[in-house]
Every structure is written in C-alpha cells, then in structure tokens.
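Asker: As a plain string of letters, each chain reads:
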Amino acid sequence: MQATVTSNENIFGSYFHLEVAAKGIGRKAGPGTFYMLKVASGTDPLLRRPISLHRVVSDDAVRFLYKSVGRGTNILGRLVPGDSLDIIGPLGNGFKVGKSVKLAMLVAGGIGVAPLLGLAEHIMKTRTDVTVVAFIGGRSEEDLLAIQEFRELGVRMYLCTEDGSLARCGIVTDTIEEYIKRYAPSGTKGWEMFSCGPKGMLRGVDAIASMHKIKHHASLEANMACGVGACMGCVVSILDRKAGVPVYKKVCDDGPVFDAEDVVW
Amino acid sequence: MTKRKTTTPPEKQVSLAVELGPLKMKNPVCTASGTFGYGEEYSRYYDLSKLGAITVKGLSLKPLQGNPPPRICETPSGMLNAIGLQNVGVDEFIHKKLPFLHRYDIKVVANIFGNTIEEYEAVAARLDRAAGVHAIEVNISCPNVKKGGMAFGTDLDSTYDVLKAVRGATGLPVLAKLSPNVTDVVPFAVKAAEAGVDGLSLINTLLGMSINVKTRKPRIANITGGLSGPAIRPVAIRIVYQVHRAVGLPILGMGGIINSDDAIEFILAGATAVSVGTANFVNPTAASDIVDGIKKYMIENDIADIRQLVGKVDIPA
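If you read the protein sequences in the order shown, they are chains H and L. Number 198 in the working numbering belongs to position 198 of the first sequence; there are no gaps in the numbering. Number 2 in the working numbering belongs to position 2 of the second sequence; there are no gaps in the numbering.
Just chain H, same shape as in the assembly (with noise of 0.2 angstroms):
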C-alpha cells in the first residue's frame, strides 16, 4: 500500500522516529510484527526493507523507530512529511502472552527496543493483571531509547550502557541476573520473558532463562528479501521438538518471534 510520511524524526545520532499514514496500515498490527518499506522507487537499492512495528497510533496509522545503518535506511532517513512510501504489512507471528503470564520481563538491546515499547503498551492496555518491568541495555547513553515512553507507561525499567555513560555500567544480562537473585525467591511462577536485540545478547538471555526455568521469547532478526515467506532468504536454525532436529525456519513467517528455547544459537 502506499502511505503518507507524517513525520521522520532524527532522534539523535543515527536513530528515527518515522510516523506514517494510510488506510487501515495499524489495525491488525500486532507487537513483533512488522513491515516492509520500499524505501526509494527503482531498482537500487532492489529490496524492501523490514522495519520492526514501533507502536500502534491508530488505525491508520504507526510508528516505527529505526537505526540509520546502511544505504537503505539512510535513504528513509531523507524522507519528509508528505512523502509517499510504499509498504507492506504488517507481516509475521509477534509477541504472543499468554494467559499464565503474571510478569513480564522486557528485555532490549539497542534498536531492540523497538517493538519492546508496542509490548509494553498492548500488556498494559490489554492484561491489568501482568506487572511490566523492561530491562534495557545499549552501548553508549545515546543507544538507551524510548526510555521516556517507558517512563510515561509507568514501566519499572533496569538501564546500563556498556560504557558506563548513563545508569550502570555493563550489559543486559548484568541487570536480569541481579533481578532475578534479589527477587526470584518468592518464586518465578508466570514469569515470561521477551527479548529483541543483538543475537549475542539474545543468547546470553536465553542462558539466564533456561537456568531459571523462565519461558522466553526472542524476536530474531536476519536479511529478508520478501517478507511473506517464498525466498527463504531469513532462515534461522530452530528445534523441531518432534523430529529433535534443528530444521530452517523463515524469520519472516514463521517468526520474528520464536520460543527461544528452540532457538539454535
């Protein structure tokens, strides 16, 4: 479809708030899921771009917060409100909570955060019962993000940075393991985790989880050509439990999202 540029916002350094418009592009718009962006018309750059969904506006219209790390975002970063832009989506399974969860532990590494703050925005729409607290990590002060929008939802959040710029100095999975040992205790019963960020972060989430007996679920990304399932471009190595094989699964339909106990780092 096409839809109109409503905003692009450069944040600071290389991270954009993109706000765009069209009929209906939010209503079936689930966390974790996402779209993909035709960023220019013409042949290069060729493919679209996946974008993570950032939060629901309405109906008819999202937001999406994105790096600015290549040819293709750099070029979305010189769009201005009024721009058309051809999109597609919103496209494969997102964050699933399930009925038994009572906290839920957002976990964010850098532009991870992205389709962390629509979760944290449906739970506490959707589920009074489930208790939020986000964990969010990056490498500098400038790579902690939404963290006012977190704030303004009223979320518990645990920050560190990797340099020690802003809040505690170390990673993500510093802060979980401190959270867990001060309030597993009392019992883990209907904790859930759920996960975006660098693949080396995921993996050492996913330790944590396992050890704690913590359901998690990671929202995985990969080089995408299509988006809705035919170049099997985006596989990613998951466990097929009634095989008890790592089989090839694509990112863009059968995830992004994944119950990250079948996850073959």
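No wet-lab data here; the hints were simulated from the structure. A hint or two may mislead.
Below are the DSS-like pairs computed for lysine-lysine, each with C-alpha atoms no more than 30 angstroms apart in a straight line [what the hints assert, rightly or not]:
1) L:Lys62 to L:Lys164
2) L:Lys214 to H:Lys28
3) L:Lys214 to H:Lys249
Starting from the known structure of chain H, fit chain L onto it as the hints suggest.
Answerer: Then chain L, alone, in the frame of chain H:
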C-alpha cells in the same frame, strides 16, 4: 439538462494466449521457481488465476534443508542468493501444497532437481502421476549446490543424459532450465532439443560473489551465490536472443523482469513466455501487474496477438 450521449469505443480485443510447445497458457506471464513459494504465499495479494502459469519452488525426491544462513544479500539492482534448494520434497508437495493450486485457473509448472540422473527421473515420474501438474521444468543450472544442479548444466553430455532421462519418465511438457554460466548457451540448447524437451527456460542466476569490506568476509555463507534481479537482464536478453535464433524450441524468458516493458523486451528477443522472479520479492503483485501492462502495451501498439511479437527485435540491416 439533457444527458450527453457518451460512446466509449469497445475495448480492443487482444490475445495473450501462448504455447510453450504443448503447454498452453492463457497469457505469457509465469513466476520463476524459488521466487513464488508454492503459490499460497502470494495468494493473499491477488487472484493467482490472473497469471498464465506458476513455477513452484524446486522439488527434490527427499525434503532438503538448504544452505546455512546468511543466504542472501543485496547487490546493485539485484541480489545474491544461495538458498540451496530448501524444499518440502516431491511427495509433500503433491499431497500438501499442490491441492491448494487446484482452485486456480492456472498452469502449474513443477521445477525439479536431483543429485543423480535417477533422482531427476524419480521426481519426474511422481509428478507425472500427480493431478494438476501441467509441465516439468528441469533445473540443471542451480549454482548453489555442490552435486547436481549446475554440474549437469555445464557439461554437454550430462545435459543430454539428464534431460533424456526426464523426457522418458514423463509425458508432461518438459522445459529445460539452462545455465548462463557457460561460454555459449547455444550448444546446450541444441543438446536439450536433441534430448526431446519441449521448451527452454532461460536464464537461471549468474554465479556471483560479494564481500563485506568491514569484516572481510563473504556476505553469504555459501561464499558464492546466484545473482538475480535487473542487474542480469541484459545478459538474459542476449542469451534469449542468441538461443532463439539458433534453436527452434519455444523459450520461457527470465532474468530481472520488473515491469511489463521488461517482459516485452524478452518477447522481442525471442521468448514466447516470461517468468517474473526477484520482482515478486520487491512487489508482491508484480506478476499480476505485468499481465495488465502487457495487455496495455498491445492495445496501445495495436498488437492483436502477443505471438506476433516473439523474436521481433528490429535488427538494423
């Protein structure tokens, strides 16, 4: 106020029907293998009956896991892929995927490959008995698998042997998908004709490679991959042109078709029908849009029958 009489001229009737040998298609637009899944993925975007045919993801005797990721990367006006022919296997295709396509008025082309001639033969034989498969496209040109694939397609005798075996295993129309990764495709097309195939699919991807200069590593895990997209179109056009002039077989032309002008370009070069590949990834309705665009071109240029255009590139004397 009196109503003004308006007369709209009757829409010009144009015929888009083509025949790839015994394979009759209601229009010349097909999808390229590996770019359209098993059809279902794109049925959410338009009515598949709009197309002349679809070619499904390559099928092997047994399910195949494919290559490790990363499998794809973008290149200038194109992409490299080394999927490694991940597929559900011919039996699951027949039982689980094919029935879905029965609901569409569309020709189904099953793309097949194997590690050995016997495997090619066996897959062809199973598809021969499956209801709703209208043709077999033999992939002897995949650059991304060690055995089979391109190993057959870059050797003249192997090309003949594998195509002859498939020809003997099925009464369905057989298309040979040839490799562009040879000095001259024409002798391979001649061999394919001798083996008794009904048509040629030209071209498969070009073998390519891309390196990340920051990490100094290849950008896909397989190191090399198949280049597709508009970047390869001039190469594909050249090969279709050369083969069309040299060999009498009908050609299913493909390689970087993004819009209907590109499709017409292939037809002028000598293709009877065209396959849309990488464009499906960029624009899910690409193949459907191309059907409309070809029709529009015909009306605007007073072409009553698309077959009139085949090979009609105007080469100055």
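Asker: All hints are to be evaluated individually against the structure, with a verdict given for each.
Answerer: We went through each hint and held it up to the structure:
Annotation: proposed proximity of Lys62 of chain L to Lys164 of chain L holds, straight-line Cα distance about 22 angstroms (limit 30 angstroms). Distance hint between Lys214 of chain L and Lys28 of chain H is unfulfilled; the C-alpha atoms sit about 39 angstroms from each other, more than 30 angstroms. Under the criterion of a C-alpha separation no larger than 30 angstroms, the hint pairing Lys214 of chain L with Lys249 of chain H is consistent with the structure, at around 28 angstroms.
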